[in-house]
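Required output: the full structure, derived from the provided sequences and hints.
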Amino acid sequence: MQLFPCPFCGPRNESEFHFGGDAGNQRPEGFRDVTDGQWTAYLHERNNPKGPANEIWMHLTCGEVFRMERDTVHHRVMRSMALVEGGGDDGMAH
Amino acid sequence: MTRRYSAFALFKEGLNAQKGWQKAWRSPEQKPRYDILIIGGGGHGLATAYYLAKNHNIRNIAVIEKGWLGGGNTGRNTTVVRSNYFFPESTALYEMALRLYETLGRDLNYNIMLSQRGIITLAHSEAEMEMAARTVNAMQINGTDAELFDVEDVRRVLPLINLSPEARYPVFGGVWQGRAGTARHDAVAWGYARAADRLGVDIIQSCEVEEFLVEGGRCRGVRTSRGEIRADRVGMVVAGNSSHLAAKAGFRLPITSYALQACVSEPIKPALDTVVLSPATGTYASQSDKGELVIGGGLDRVPSYGQRGNLPVLEHVVSGLLEMFPSFRQLRLMRQWAGIVDVTPDSSPILGESPLPGLFLNCGWGTGGFKAIPAGGTLLAHLLATGKHHDVSRPFDLERFARGRLIDEAAGSGIAH
Ligand SMILES: Cc1cc2nc3c(=O)[nH]c(=O)nc-3n(C[C@H](O)[C@H](O)[C@H](O)COP(=O)(O)OP(=O)(O)OC[C@H]3O[C@@H](n4cnc5c(N)ncnc54)[C@H](O)[C@@H]3O)c2cc1C
Ligand SMILES: [Zn+2]
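Protein sequence lines correspond, in order, to chains A and E.
The first sequence maps to residues 0 to 93 in numbering that gives the first Met the number 0.
The second sequence maps to residues 0 to 416 in numbering that gives the first Met the number 0.
These are calculated hints, taken from the structure and not from any lab test.
Be aware that a few hints might be false.
[To be verified] For lysine to aspartate or glutamate, the following DMTMM-like pairs were computed, each having C-alpha atoms within a straight-line distance of at most 25 Å: (1) A:Lys49 x A:Asp21; (2) E:Lys247 x A:Asp70; (3) E:Lys22 x E:Glu209; (4) A:Lys49 x E:Glu209; (5) A:Lys49 x E:Glu227; (6) E:Lys18 x E:Asp34; (7) E:Lys387 x A:Asp70; (8) E:Lys53 x E:Glu12.
As the structure is a computational prediction, the values presented were derived from the model and not from experiment.
Written as structure tokens, this is what we have:
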């Protein structure tokens, strides 16, 4: 069992977490101007890197969504942080 | 020199102290240029080379493999073959594969140990029975074999399963496909390799593709760990590494890579005479010819390229099996391993030209591409030889994601991922 660090709860079992996709995959703005290609990229295409990855995860137990940098080959976690500045360290985000 | 396998050859070599057998395939030096190059020496890559030579008479071909033949997912899977999918597009694809498997041993002159022992997909509630009936209807309409089993039918094919109504997952019945079963996975890779080699295909192992040669907006070949190789058309068949190589070719794919695990028990006497799959417990199993129980389940939940798998999913899979077969509790597990699989949003493969012209894709088979090898090879060979889709591969083009015409098998047939 690997421990993942939730920025709000600290290290917890990997089975408490849900993968949420690439960090920075922003929903395209502008209803009519968005092309098929942009929608496809947003909805379906993934970076899926072999090595360092920058991802969104959810800690199911506390319900918080956060960003985690980890390596997809050896699974080491480099950083995990709240999405909003100041989140995760004031104890109020729950 | 004995090239063909037969009872007579076995007898002859028996008298000759087995000295006349030839190597199953050569280890040729790579040429600087081929008509068609295939990246990835797994089942799909080797089958593609074989069908290019056999069906399209194109012989100046190479298969490039970074490791060894069949060392990827083709040598790591749990060997189940079946065509019990939901949508007509999928049945056309997987049924084409199963039909080819039925005569493949003879076609390749190689015993792939196909054993059509049937598969039972269990239903554990009244609601799941209704879904099972829907699946059976769809399969029959799409032209493959399917039967709806009740509890008594299940008892007949699975005498050791716990059928008590008090079970944690009581059994109500299930979907039976009698022509499904298992085939020896290494033999499929080796059989295609040997047959392709005999038709003149160069199989180059320990050679990794590192970059693509792009000229005038087209793929013109690859740069490998052993130098450049040029080709008019290139096929990329690198399950688990598809996104990684696609990034080098300048595009992204609708794929996430996950580890998928399997394990085997110590060998026992014949105890399980069919393939059993239970989506509710997240487990499937069959017994190998050696007597081991071969056990598999769902994907790991963490995207990964680390080829070993993690404990929570393994525990889940094993507990699901023991729930259904209490008598298997006495068995010891001998080995566990994992492969990296390409998972698409609709659990269906990607077959077709890539966004880089001249580069063609066969990927995204996820947890279930072993059963599809003969079809995947036939269809990619067709694409590479003609530049055009076969009717069966067209719905699986990468374009489907832009058009929104997904073939959502996870939703359709309720497979586990
Ligand atoms: C545990 C497990 C159980 C499974 N069970 C089943 C099952 O019961 N039934 C079923 O139908 N399917 C099953 N599957 C899925 C099935 O194994 C795969 O879908 C199938 O083997 C894919 O075949 P392939 O030829 O595309 O890939 P592979 O056999 O993985 O071949 C790809 C090859 O490409 C090579 N490669 C990668 N990158 C490069 C590069 N840069 N240069 C050169 N070569 C490269 C790799 O070394 C590899 O040999 C299972 C998979 C796993 C992991
Ligand atoms: Zn938390």
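The hints, checked one at a time:
1. A:Lys49 x A:Asp21: Between A:Lys49 and A:Asp21 the Cα gap is close to 13 Å, so the pair holds against 25 Å.
2. E:Lys247 x A:Asp70: 19 Å, holds
3. E:Lys22 x E:Glu209: Not OK: E:Lys22 and E:Glu209 at ~29 Å, beyond 25 Å, violated.
4. A:Lys49 x E:Glu209: 14 Å, holds
5. A:Lys49 x E:Glu227: The given pair, whose Cα atoms are some 23 Å apart, holds under the 25 Å limit.
6. E:Lys18 x E:Asp34: 36 Å, violated
7. E:Lys387 x A:Asp70: With a Cα-Cα distance of about 38 Å, the restraint between E:Lys387 and A:Asp70 is violated, given a limit of 25 Å.
8. E:Lys53 x E:Glu12: Measuring from Cα to Cα gives roughly 29 Å; hence the hint is violated.
Checked against the numbered hints given earlier, this structure breaks hints 3, 6, 7 and 8; the rest are met.
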